[in-house]
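> Following the hints, position chain B against chain A.
Line order of the protein sequences matches chains A and B. Residues in the first sequence are numbered from -19 upward in steps of one, following this note's numbering. Residues in the second sequence are numbered from 702 upward in steps of one, following this note's numbering.
No lab work stands behind these hints: they were computed from the structure. Honestly, I wouldn't trust all of these hints.
Said to hold, decoys possible - Below 27 Å or equal to it, Euclidean Cα-Cα: the simulated DSSO-like pairs (lysine-lysine) are:
hint : chain 1 : residue 1 : chain 2 : residue 2
1    : B       : K716      : B       : K1042
2    : A       : K(-3)     : B       : K1639
3    : B       : K1159     : B       : K1134
4    : B       : K865      : A       : K(-13)
5    : B       : K1327     : B       : K1436
6    : B       : K853      : B       : K865
7    : B       : K1482     : B       : K1501
8    : B       : K981      : B       : K1212
9    : B       : K1042     : A       : K25
10   : B       : K1009     : B       : K1037
11   : B       : K1324     : A       : K25
12   : B       : K1501     : A       : K48
13   : B       : K1327     : A       : K48
14   : B       : K1327     : A       : K25
15   : A       : K25       : A       : K48
16   : B       : K1324     : B       : K1436
17   : B       : K1037     : A       : K25
18   : B       : K1042     : B       : K1436
19   : B       : K981      : A       : K17
20   : B       : K1501     : A       : K17
21   : A       : K17       : B       : K1212
22   : B       : K981      : B       : K716
23   : A       : K(-3)     : B       : K1212
Unchecked claim - In silico contact screen, one side only, chain A against chain B (beta carbon under 10 Å); selected entries:
hint : residue
24   : K(-13)
25   : L(-12)
26   : N(-7)
27   : H14
28   : F18
29   : D20
30   : M23
31   : Q26
32   : F28
33   : R50
Heads up, the beta-carbon is just placed ideally off N, CA and C, and yes, glycines get one too.
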Amino acid sequence: MSSSPDKLVYMANQIGKFFQSQGHDRAVQGISEHIWKFWDPRMRKQIFAHLDAGGSGLDANVRDALEKLRLQA
Amino acid sequence: MSLIHEIDFGTPKSKSETMVTLTIDGNQITVPEGTSIMRAAMEAGTQIPKLCATDMVDAFGSCRLCLVEIEGRAGTPASCTTPVMNGLVVHTQSERLKQLRKGVMELYISDHPLDCLTCAANGDCELQDMAGAIGLRDVRYGYEGENHVFAKSHGCDNDAWMPKDESNPYFTYDPSKCIVCSRCVRACEEVQGTFALTISGRGFDSRVSPGMNESFLGSECVSCGACVQACPTATLTEKSVIEIGQPEHSVVTTCAYCGVGCAFKAEMRGEEVVRMVPYKDGKANRGHSCVKGRFAWGYTTHKERILKPMIRERIEDPWQEVSWDEAFNFAAAKFKGIQQKYGRDAVGGITSSRCTNEETYLVQKLIRGGFGNNNVDTCARVCHSPTGYGLSQTFGTSAGTQDFDSVEDTDVVMIIGANPASAHPVFASRLKKRLRQGARLIVVDPRRTEMVESPHVKALHLPLMPGTNVAVITALAHVIVTEGLVNESFVRERCDWSEFQDWATFVADPKNSPEATAIVTGVDPKLLREAARTYATGGNGAIYYGLGVTEHSQGSTTVIAIANLAMATGNIGRPGVGVNPLRGQNNVQGSCDMGSFPHELPGYRHISGDAVREQFEAMWNVKLNKEPGLRIPNMFDAAIEGTFMGLYAQGEDILQSDPNTKHVVAALSAMECVIVHDLFLNETANYAHVFLPGSTFLEKDGTFTNAERRIQRVRKVMTPLNGLADWEVTIRLGKAMGFEMNYSHPSEIMDEIAALTPTFAGVSYARLDELGSVQWPCNEKAPEGTPVMHIGGFVRGKGKFIITEYIATDERTGPRYPLLLTTGRILSQYNVGAQTRRTDNVVWHSEDRLEIHPHDAEQRGVRDGDWVRLASRAGETTLRAEITDRVAPGVVYTTFHHPDTQANVITTDFSDWATNCPEYKVTAVQISPSNGPSDWQKAYDEQARQSRRIAPVVEAAE
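Next comes chain A alone, as it looks inside the complex (with noise of 0.2 Å):
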């Protein structure tokens, strides 16, 4: 964890399975909650730059959880 979009990547995953046990749809829309609460905008402007780059390492439902928070933005 020595960059910073790692690092983000890995807070984003570890809450995507916070939230795996509940199903893709309630996942998501946790997530892309979780994130926009807690997260000051450089975080995601950094997490959204990443996504733009690939998002590798992005889990699936913590990827569609940035795409979903993304377009509220």
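Frame of chain A, contents of chain B only:
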């Protein structure tokens, strides 16, 4: 001002609701059944002479001074041990009683020194008072006979005489003044629950004895002070009273140590504290205290306290003492410069969980309103932020559900990841009292803590592997669901039924059974099943938990799992049950309530809510940013990345207390301006550019909110040595930055908080003075506050069950780091130790030690007391080993009170998924023998030494 005199009713209050009427000295009085005649008389205003009775402990009936006559009964019964009955006619004074009492008193005085004028208890001695009350004029026996008073008698050594025991740093035991009333012994048993004292010998040979005739310091005594408080003579006396004399006035205030929030009388002589005495009307502590609050206040006047503001351009420079204005202008110019250069969001601050609600509120107001961003966080981030998240998700409020009195109605207590005997000692004493009455105890902790085994307490202990809380609690739920122990009517009425069903299906899965999870948790499935049955069916079940729950990568999940457990068993919404986080710092609850988190305004309302934000904007006359700000760990990352360059830290030593010290050092070093506002040059100050001297809890007015949501007054008893209270410092810093905050007293700040926060609407200093304290919510619906929450229904509506899947932390053991390190606190020290290390409490704990199991020690060739190297993937340090089977094989443990140990060099960047609360409680480590401090420790010491230099003041030339 005068001394606050608390009435001693002689015996404890009866809880009975049946009332009894009797006549005492011609007056009719009605009292609850079970009340003693002594107490009934006192309630009617008649003080019956007494020596061995005091209302903190049960009646004993040994001194024979409180005799009374009862019409129709033979003899002269002791009023302390005789309960009231309907129709009794009692006389407290008669010729016969007068003669009897004089006889008793004469015997007492015949074996007591008559040095009253030079005695430390002069003016505060119950023996003297009673001699006066019963009119003793003569002692016919003389002082020549056998006695305990004189070192020599008839030219020979007097074997019955014992010298003073001055081993305890805070109080003296002078056996020559002892009247063997046993009040100290009973206070140690009944109030504190330590059983360190006893009476050795019989008859005339009876003596108070710590342990087996040990010194106080050498015995099991935990120095809580209950015995000193109970002593009616100068036998047990605070050394401060011996040195200074009797106090002349007192002020009720609140302890600034842990989250129990004990109320104390600060007993003063002028502006000098003579002693701190626990206040019986304090609703959190009910007249009890621990060694920290009672005695460890010497740091407030310690010579290392910094009293003048200081600045420097670079952290390599020595500090320059400057005026307050110079310091504020310097800091303001730096912060404005950073914002111009890097943007508005490049600065932020940390509010203090040690400061008052009012001060915390002002710091977040300064950041949101003055800095124009939401980069505000508090040390709750690193302790109980998962509590806030978990309980608000499930119940709808970010706080514990009960008051501490609730423990008196509890039948089964489950303690998870907490060691109240060390960290919340006054609550532990109240809990142990209930356990001695028969309540049962379950302890879920990797370590065999002091709570697991203590006199008359034996817990069902589930010694889990660190990091497996969720698996254990879900397994408890599995047993409750699969064995049909769910309180279905409660769940149907109060909770969302379909969410419950999803959850029940999940926990019932065989993979969550105690047997299936034992392989990861290490907990015997039989014990786990027994614990689940006990909690679910043993009557009122209450869960108390601490940082062993929250400081994990699944901290929030564990809090949710605990809430699920309480809901499933119906243990919510009445006295004796509930989910109770034991909060670490005095005002960590308050700092959370006051909007210290970057995403929410005071009262836990999200910053994005337009309606709420507009209220604040109108009151503060400023436009607020609607985006959440950075949390502490995010601030560090942003600093290293170059987008966060200025930090104002009030009363929080982030360098010592946050995990992965090297990472924190890198972050602080990257910042262009760090403002530290504290009492001492703490570790963070080594990397600071501005030092603003702080004030202690004795030097300011305000309020603290304890773990039970109880808001209590902090009252100023002396002028701030540094000149300004902390709230004044924040106001002046804001002013220098062009942000005006105008208050002439903290009560005005509280009025603003009440106006903006619905749960505080009814709180004011007038209300607090009137009621003593209130527990929020305090508003129109609950004008006297809310001792127990969620009565009749949850704050959020229906209680919410959430699935809690166990996900192992990524901090794993392996060949290089085969052991798991977990951390905790010790009774005599407090957190980073900035306060307690500057008191005599160091006699109990002068260094952090590493607890290691004999098996692991032997494998590594480590002997007790050896220096060992403790290394993790993050860093390494050295400390001395203590070999003990309190920890299981594979687990090691240390405290984190001393900066030279630097336990956080070892801890890692892993954190709670929801709140980024660091995973302090699980670190994979390796232990090896060592010769002394690591290179890192040496380099750190050198940097700290250089950084703490203060330039000599140069007289200005003419």
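> Against this structure, judge whether each hint is valid.
Results for each hint:
About 66 Å separates the Cα atoms of B:K716 and B:K1042, which puts this hinted pair outside 27 Å; it is violated. Under the criterion of a C-alpha separation no larger than 27 Å, the hint pairing A:K(-3) with B:K1639 is inconsistent with the structure, at around 41 Å. Restraint check: the Cα-Cα separation between B:K1159 and B:K1134 comes to about 13 Å, which is no more than 27 Å; the hinted pair holds. Taking the CA atoms of B:K865 and A:K(-13), the gap is about 61 Å. The hint is violated against a cut of 27 Å.
Taking the CA atoms of B:K1327 and B:K1436, the gap is about 23 Å. The hint holds against a cut of 27 Å. Straight-line distance between C-alpha atoms of B:K853 and B:K865 comes to about 15 Å, which keeps the hinted pair within the 27 Å bound. Restraint check: the Cα-Cα separation between B:K1482 and B:K1501 comes to about 24 Å, which is no more than 27 Å; the hinted pair holds. With a C-alpha separation of about 50 Å, the suggested pair B:K981 and B:K1212 falls outside the 27 Å cut-off, and the hint is violated.
With a C-alpha separation of about 20 Å, the suggested pair B:K1042 and A:K25 falls inside the 27 Å cut-off, and the hint holds. Taking the CA atoms of B:K1009 and B:K1037, the gap is near 23 Å; set against the 27 Å cutoff, the hint holds. Taking the CA atoms of B:K1324 and A:K25, the gap is about 23 Å. The hint holds against a cut of 27 Å. Proposed proximity of B:K1501 and A:K48 is supported: the alpha carbons are some 25 Å apart, at most 27 Å.
Distance hint between B:K1327 and A:K48 is fulfilled; the C-alpha atoms sit about 20 Å from each other, no more than 27 Å. For the proposed pair B:K1327 and A:K25, the alpha carbon gap of about 16 Å is at most 27 Å, so the pair holds. Note on A:K25 and A:K48: the hinted pairing holds, with a Cα-Cα distance of about 14 Å set against a maximum of 27 Å. Proximity of B:K1324 to B:K1436 is assessed by CA-CA distance (about 17 Å); at most 27 Å being required, the pair is judged to hold.
With a C-alpha separation of about 24 Å, the suggested pair B:K1037 and A:K25 falls inside the 27 Å cut-off, and the hint holds. A C-alpha spacing of about 21 Å is found between B:K1042 and B:K1436, which places the hinted pair at or below 27 Å, so the restraint holds. In summary, the hint linking B:K981 to A:K17 is not supported, as the alpha carbons are separated by about 44 Å, beyond the 27 Å threshold. Simply put, B:K1501 and A:K17 have alpha-carbon atoms about 19 Å apart, close enough for the 27 Å limit, and the pair holds.
A distance of roughly 33 Å separates the Cα atoms of A:K17 and B:K1212; the hinted pair therefore is violated under the 27 Å criterion. For the hint pairing B:K981 with B:K716, the CA-to-CA distance comes to about 17 Å; that is within 27 Å, so the pair holds. In summary, the hint linking A:K(-3) to B:K1212 is supported, as the alpha carbons are separated by about 18 Å, within the 27 Å threshold. Here the hint on A:K(-13) is kept, as its CB sits about 7 Å from the closest CB of chain B, short of 10 Å.
About 9 Å separates the beta-carbon of A:L(-12) from the nearest beta-carbon of chain B, less than 10 Å, and the hint is met. The restraint placing A:N(-7) at the interface with chain B holds, with a minimum CB-CB distance near 9 Å, inside the 10 Å limit. The beta carbon of A:H14 comes within 7 Å of a beta carbon in chain B, closer than 10 Å, and the hint placing it at the interface holds. Given hint, A:F18 at the interface with chain B, holds; its Cβ is 6 Å from that chain's nearest Cβ, closer than 10 Å.
About 5 Å separates the beta-carbon of A:D20 from the nearest beta-carbon of chain B, less than 10 Å, and the hint is met. At about 6 Å, the closest approach between the beta carbon of A:M23 and any beta carbon in chain B falls short of 10 Å, and the interface hint on this residue holds. Interface hint at A:Q26: satisfied, since its Cβ lies 9 Å from the closest Cβ of chain B, which is below the 10 Å cut-off. Annotation: interface hint on A:F28 violated; nearest CB of chain B at approximately 14 Å, more than 10 Å.
Annotation: A:R50 was flagged as interfacial toward chain B, and the flag is violated, the nearest CB pair being 15 Å apart, outside 10 Å.
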